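Residue numbers (the numbering used here), protein chains in the order written: chain G, 20 to 477; chain B, 987 to 1447.
Read the hints as simulated data drawn from the structure, not as lab findings.
Just so you know, these numbers come straight off a predicted model, no measurement behind them.
Hints should not be assumed to be uniformly reliable.
These stretches of chain B come out as covered by chain G in the derived footprint (C-beta under 8 Å, 3 or more residues) [stated by the list, open to error]:
#1 1140-1151
#2 1172-1183
#3 1258-1270
#4 1326-1332
#5 1388-1400
Derived DEER-like restraints, expressed as beta-carbon distance ranges [unchecked claim]:
#6 B:G1122 / G:A211: 52 to 58 Å
#7 B:A1084 / G:E108: 47 to 53 Å
#8 B:G1383 / G:S379: 52 to 58 Å
#9 B:L1169 / G:G148: 39 to 45 Å
#10 G:E108 / B:G1120: 22 to 28 Å
#11 B:D1069 / G:T141: 35 to 41 Å
#12 G:V169 / B:E1105: 57 to 63 Å
#13 B:D992 / G:S88: 17 to 23 Å
#14 G:S146 / B:R1258: 53 to 59 Å
Take a look, some chain G residues computed to stay more than 12 Å from chain B by CB distance [as the list claims (entries may be wrong)]:
#15 E108
#16 A112
#17 G143
#18 G170
#19 E295
#20 S352
#21 A416
#22 G424
#23 A453
Using N, Cα and C, we set each Cβ at its ideal position, and we do this for glycine too.
Listed below are the residues making up each chain.
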Amino acid sequence: MIEAARRAVEAARKAGAGEAEAYLAEDSGREVRVHGGAVESLTAATQRGLGIRAWIGKRVGYAYGTDLSASGIASLAERAAEAARIADEDEFAGAPSPDPGAPVGLSDMGGEGAPDGLSDPTIGEWSTGQLAELALEIERAALGADARIVGVEQAVYADSSERVAIASSTGIEGEYSSSSCYGYLQALAESAGGRETGLGFGLGRGPAALEPATIGLEGAERALAMIGAEKPASRACPVVLDPTVAASFIGLIGRGLSAGAVQRGRSPFAGRVGEEVAGKALTLYDDGLDPEGFASSPFDGEGVPRRRTPLVEAKTLRTYLFDTYAARRGDASSTGNASRAGYRSQPSVSTSNLIVSPGSLGFKELLAEAAEGVVVTDVAGLHSGVNPVSGVFSVGASGRAIRDGELAEPLREFTIASDLVSMLRAVSAVGTDARWVPFSGSVKTPSLLIGEMTVAGS
Amino acid sequence: MSKLIDSEVAARVLSRALANGGEFAEVFTERNAGLTMAIDESRIEAVQSGAAAGAGVRVISDGTTYFSHVDGLDPDDIERAADEAAAALRAERSAPQALGAIAGTPQTIEVPPAGVPAERKAALLRELDERARGAGGEVAQFTASYAEAHREVCVANSEGLFAGDDRTRVRIGAQAVARRGDLVETGAETLGAHRGFELFDDDPGAIAEDAARKALTLLDAAPAPAGSMPVVVGGGFGGVLFHEMTGHGLEADHIQKGASVYIGKLGEQVARPLLTAYDDGRLPNEWGSDGIDDEGVPTQKTRVIEEGRLTAYLYDGVTARREGVASTGNGRRESFRHLPVPRMTNTYIAPGEAEPEAMIAEVERGFYAVSFAGGQVDPATGDFVFGVSEGYLIEGGKVTRPCRGATLIGNCLEALGAIDAVGNDFEIKTGICGKAGQRVPVGTGQGHVRIAAMTVGGTEV
């Protein structure tokens, strides 16, 4: 693969690019969807594509395509150069250079310090029949959990084995493989007033890491817990975010910690490095090398080595996250946080794996600490209810009431509102129940207790 | 039409797809090309040119769909995809019917955007930038994006269908950030269509001023109220409310899985008689329109609610076959890499009789949601939530102060039944709808609509 990437760099130089970078990705994946004890669909596919970033002076352009023949690569290179000619000059534009301190090797696992175990080699040994059985087991576990579970909207298994190669005219070269898989279901519980849904999910490097019964039971339990839910009274009170919900908010906070957003004045965290931005219980870091993290890789989307970057420690914001462009512009070093959503996207600054360090209180102790308030187990409308520039948010929520320090009646159809910085400062305790959640980037977090937040219901 | 796949190749692919049995086989081919660019900090950047071609082959047997897709349109590769789709089947070979080409009726495109010099597209973005920055000194930042996409599709199936479509879409979006001291507010607006560059003949720069005006207005906003009250929803993108709270629940896959609050409601009164609504994939040049859907079925106009009575669900081929009804032309997919699922096209509440001003004047204390940043619904429970991007308080029948940070939250059937006025104004706006991991362009439309009571989630308890 690296050969094709090198050829693409050459083609871009020929097309008039001063510097060029080629990113090649090949992915094979399978997906099984089951419903009502039968397989609904089975998908098997391989895809391969190439993206070329071309610099002409201080202008940069990008082109991607799937035609990897010599003529296909040549035409792609032409289009990348053409795109660069359309762009305006940007004094900070330029190709990343290899980091002499942390060479990126050509081996599967990258250079020294790169994470081991990004791939499960046994993933290919699972037949589609076995994978279908796994998905069916997820569904069965939910249906067998309780008579009130009347159905499963869908149970899904999906996996992906990816190989990535990158080469640039400045001497960056690297290649790695990784694999991932997940299973999830949406269980339906019948209640007097209608139906309740509950999501269960699990993830790993390969199907052997999934526990189908646990996934099915989680979906069932979440749906059952919502039966009879009502609106809470509007008020300001302590709020516990369970790990899935906490992960969504941590993901949003991570977006605001991108130097790209900060430099363009579009982050609520702009100008706050060195300031107190969080409760003292909260420690947050970005780690692109954690072997368990789905976003882990030896190098980032432009070939810069991944690393671990502390973001919030001892209440204080330590740094933002940088790619090469943002680092040049901010007179900093890249933190290896150039991310891509595949070959169709050019790199931009983004979190890798965001991790909240576990605290000291178990879930029950968090409830006791809150004494009276609300546990949020699901949020909706994150993409429309959060202003990423100001950090102000109001999102739909459901969950459970906390009374006398214990779980009480289920709650639905309410909103929680605050802003990201105030919420982070109001974190008063952190749980021990950390878990990986893949919905808002790759995040690992325990439950969080927020001292006070506005709850709007009836 | 048959530029993508030769009819003989298609017939061979279908035959191989059914080599191990199956009731139905289909080959979907596609070639697409697009250009996107943005202006940020008054600089043209993120210029990106993309192209892809490929095919997806599916076989349906005993209710199970076997699917495989490949990059590229090489006949050998497509036949291999057919073999792969058929690989898990173990039955007797079945034979596809002979293909009969159907002439499609693609939307009319006057000026193909690919032929327009890139500099004109950049100039368009520069105009947006100037217009937004000219809207007020408190406009601190402005970004705008331009996107064009050309997509040719051709689909053939074992029932003899052989049809194609040629689709061109252009869209611009504007986002303004206004700042006053520590206060930061944003405003956004878009303009898009299934149309050529002639879409920008009128006054595309107006969306930049609209985005700036929204952000500037919010600088004077007070925190949104929290609680239950009458809500007047604005026209155009206000239609996303109907899209979320009714449209998704009418998609036949949700119905068949027991995951919709509209199950068993066909023929029943779900809204007051003043409400009639449609899904219409044929509307000329609208963002959600196509000549055929992604299974080759001509798009159509489906009345989903007639004077408050629920009249239709939205079907793709699989869900229609399951019930022995005809597809409503709503089988859509993001690309050849995806399986079609029932999706909306352009969904809208038909204009009513009320004057928008009068609808507001009748409200003693309420909320006026002019536009949304988006929304989300759980079709199974009917619970929905919408982020309000531009909203005002209504006091004594008058629109008074702007509010920030408001969210509307409620339950589909309750809210639908609570619509007590539909305005005589009308507009359709563009949206990108996500479902089952696939994003497709949809139109959402309506005039002003009033909901007698709904929960507004703000910070002002």
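Checked hints:
no.: 1; hint: 1140-1151; verdict: violated (count 0)
no.: 2; hint: 1172-1183; verdict: violated (count 1)
no.: 3; hint: 1258-1270; verdict: violated (count 0)
no.: 4; hint: 1326-1332; verdict: violated (count 0)
no.: 5; hint: 1388-1400; verdict: holds (count 7)
no.: 6; hint: B:G1122 / G:A211: 52 to 58 Å; verdict: holds (53 Å)
no.: 7; hint: B:A1084 / G:E108: 47 to 53 Å; verdict: violated (59 Å)
no.: 8; hint: B:G1383 / G:S379: 52 to 58 Å; verdict: holds (55 Å)
no.: 9; hint: B:L1169 / G:G148: 39 to 45 Å; verdict: violated (59 Å)
no.: 10; hint: G:E108 / B:G1120: 22 to 28 Å; verdict: holds (24 Å)
no.: 11; hint: B:D1069 / G:T141: 35 to 41 Å; verdict: violated (25 Å)
no.: 12; hint: G:V169 / B:E1105: 57 to 63 Å; verdict: holds (60 Å)
no.: 13; hint: B:D992 / G:S88: 17 to 23 Å; verdict: holds (20 Å)
no.: 14; hint: G:S146 / B:R1258: 53 to 59 Å; verdict: holds (55 Å)
no.: 15; hint: E108; verdict: violated (8 Å)
no.: 16; hint: A112; verdict: violated (9 Å)
no.: 17; hint: G143; verdict: holds (15 Å)
no.: 18; hint: G170; verdict: violated (5 Å)
no.: 19; hint: E295; verdict: holds (17 Å)
no.: 20; hint: S352; verdict: holds (23 Å)
no.: 21; hint: A416; verdict: violated (9 Å)
no.: 22; hint: G424; verdict: holds (23 Å)
no.: 23; hint: A453; verdict: holds (26 Å)
The structure fails hints 1, 2, 3, 4, 7, 9, 11, 15, 16, 18 and 21 (numbered hints given earlier, in ascending order).
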